[in-house]
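Please take these sequences and the hints and turn them into a complete structure.
Those protein sequence lines, which keep their order, are chains A and B. Take the first sequence: its letter number 244 is residue 244 in my numbering, and every next letter is one higher. Take the second sequence: its letter number 169 is residue 169 in my numbering, and every next letter is one higher.
Derived from the structure by calculation, the hints contain no laboratory data. Warning: the hint list may mix true and false statements.
Not close to chain A: a few residues of chain B, all C-beta gaps over 12 Å, as computed [what the hints assert, rightly or not]: (1) Gly24; (2) His79; (3) Thr149; (4) Phe168; (5) Gly170; (6) Ile207.
Simulated coverage check for chain B against chain A, where a stretch passes if three residues somewhere in it have a Cβ under 8 Å from a Cβ of chain A [unchecked claim]: (7) 30 to 42; (8) 70 to 78.
Glycine residues also receive a C-beta, built at the ideal position from the N, C-alpha and C atoms.
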Amino acid sequence: MRPILEVSGLSRIYGPGCPRCIEATGPDAERNVCPHCGSIVAVHDVGLRLMPGEILGIMGESGSGKSTVVKLLNFDETPTTGRAAFFDGERTWDLFGLNAAEKRWLRDNRMGTVYQNPHLGLNLDISAGGNIAERLLMSDVLSYGEIRERARDLLARTQVPAIRMDEHPRRFSGGMQQRVQIARALVTNPPLLLLDEVTTGLDLSVQARILDLILDLQERLGIAMIAVTHDLGVIRLLATRTVVMRYGRIVEGGLTDQILEDPQHAYTQELVAAAL
Amino acid sequence: MPTPKSSLPPRCELHSDVVLELKGLGKAFYLHEQSKSVPSASDVSLEVAAGTLVALVGLSGAGKSSLLKSVYRTYLPTHGRILYTRTDGQTLDLATAPENEIIALREREIGFVTQFLHCLPRQSTLDVVARPLLRLGVPLGDARERARTLLNRLGVLERLHDIGPATFSGGERQRVNIARGLIVRRRLLLLDEPTASLDAATRDKVIELVREEKAAGVAILAVFHDTAVVAALADQRREIALPTAAALASEVA
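Here it is in structure tokens:
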């Protein structure tokens, strides 16, 4: 089976960089700031393969580079080096070789991102329905009636009450803002969804509803997802396969049950032991 | 002259086939924090043919569960090979097969029933049991119907079907786990003490269900704490010895 996304050699260095940056940072050096030149090696040599319909977990604590991986894949940031191929039906997109217009089109039509902070994924000063319509207007356009219909359908799917469709998400609870964000990300039926700490900071009961929603969407729509989180519970629930990152590198990857029950790397063993 | 396929009854053909072969399989856990290796099973070789059940027996701590988990890839084996023969006759080593192959095999061909029910929270018991069928694309109605039938056979009361197993007793949860494990007919079934907290009547029902799996040609590798269950189901008993002093010494060194 062909993957939907294949990433190799992905790196992002903030700062001038020097020949010793790589060897002086990473899990063995236990730092991501190069002591020689002060550059931050946020991500180095990350490789991923995501299969259609699969949820891949990226687990790590803050500073591991996991969120940077998402930002690189959705063009919020530009990689220092690396390749990423997005196999979208008949088309193959060389993600880091696209021009600005192509990137925008892909982001508006074929990929969705849900951020930890709803402010990043939503415009809080236009209505919930408007947030969804806005994204549809950026995509290959439909009629007004269709847009409103689709917005209504998605909000229903993500359990946002229809009567609140015309309200500004600023007034919504954190959990409901997150559901509007998911609806907005899904509006163009993207085959690929990036989830960056989507349940972090929410109440447990709200987390549960968001996670159920994500699983339901994955099961019914077959969307492939990358779920970035520091939370082992989220990984256990969502991800079939998981990679563990520390100081910008992948330290190990495998089937999620194997990573949690038989972790190989010292760092993963520590993480799993700390959670039990 | 090619032999026409119909000349061989498919059942007989299946029964003679080895589905799983362990060759020198061993598992040790390396604990980084303590800089030491903890040996579990070591140097186990055995074969499981279609339609037969091989029971792993031995003292607690000998690594019986570790072997099952290694076959399922929940553990990464330290030594040896786990040769699995697919329906198409091709053999692959489960210890090293790509993750996506293992995921596909888990959905279609290899089942694992443990003592403990791990399932998605907030789902009805019926849906927990039906889920493996749904993953294979069986329509919801049909999947739920088969789930209901299995749960009934295992004596899980109808009034429990629509609520989640979170509040169930140990025995009820175990029955739900068995139903979910058997709802898709596998080629290879791994059983890790699935009858541990069941009463005698339910245990007999499980024995009956496992016999049906064997009769259908399923290869089974199992651990039962109950010798009566072993006697009732096993075609072969394999004693798994505790890690020897030599193994312990070599792992530490």
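Hints, one by one, checked against the model:
1. Gly24: Answer for Gly24(B): holds, closest chain A Cβ roughly 19 Å.
2. His79: 15 Å, holds
3. Thr149: 23 Å, holds
4. Phe168: It holds; Phe168(B) is separated from chain A by about 19 Å at its closest Cβ, greater than 12 Å.
5. Gly170: It holds; Gly170(B) is separated from chain A by about 21 Å at its closest Cβ, greater than 12 Å.
6. Ile207: 28 Å, holds
7. 30 to 42: holds (count 4)
8. 70 to 78: holds (count 4)
Of the numbered hints given earlier, the model fails none.
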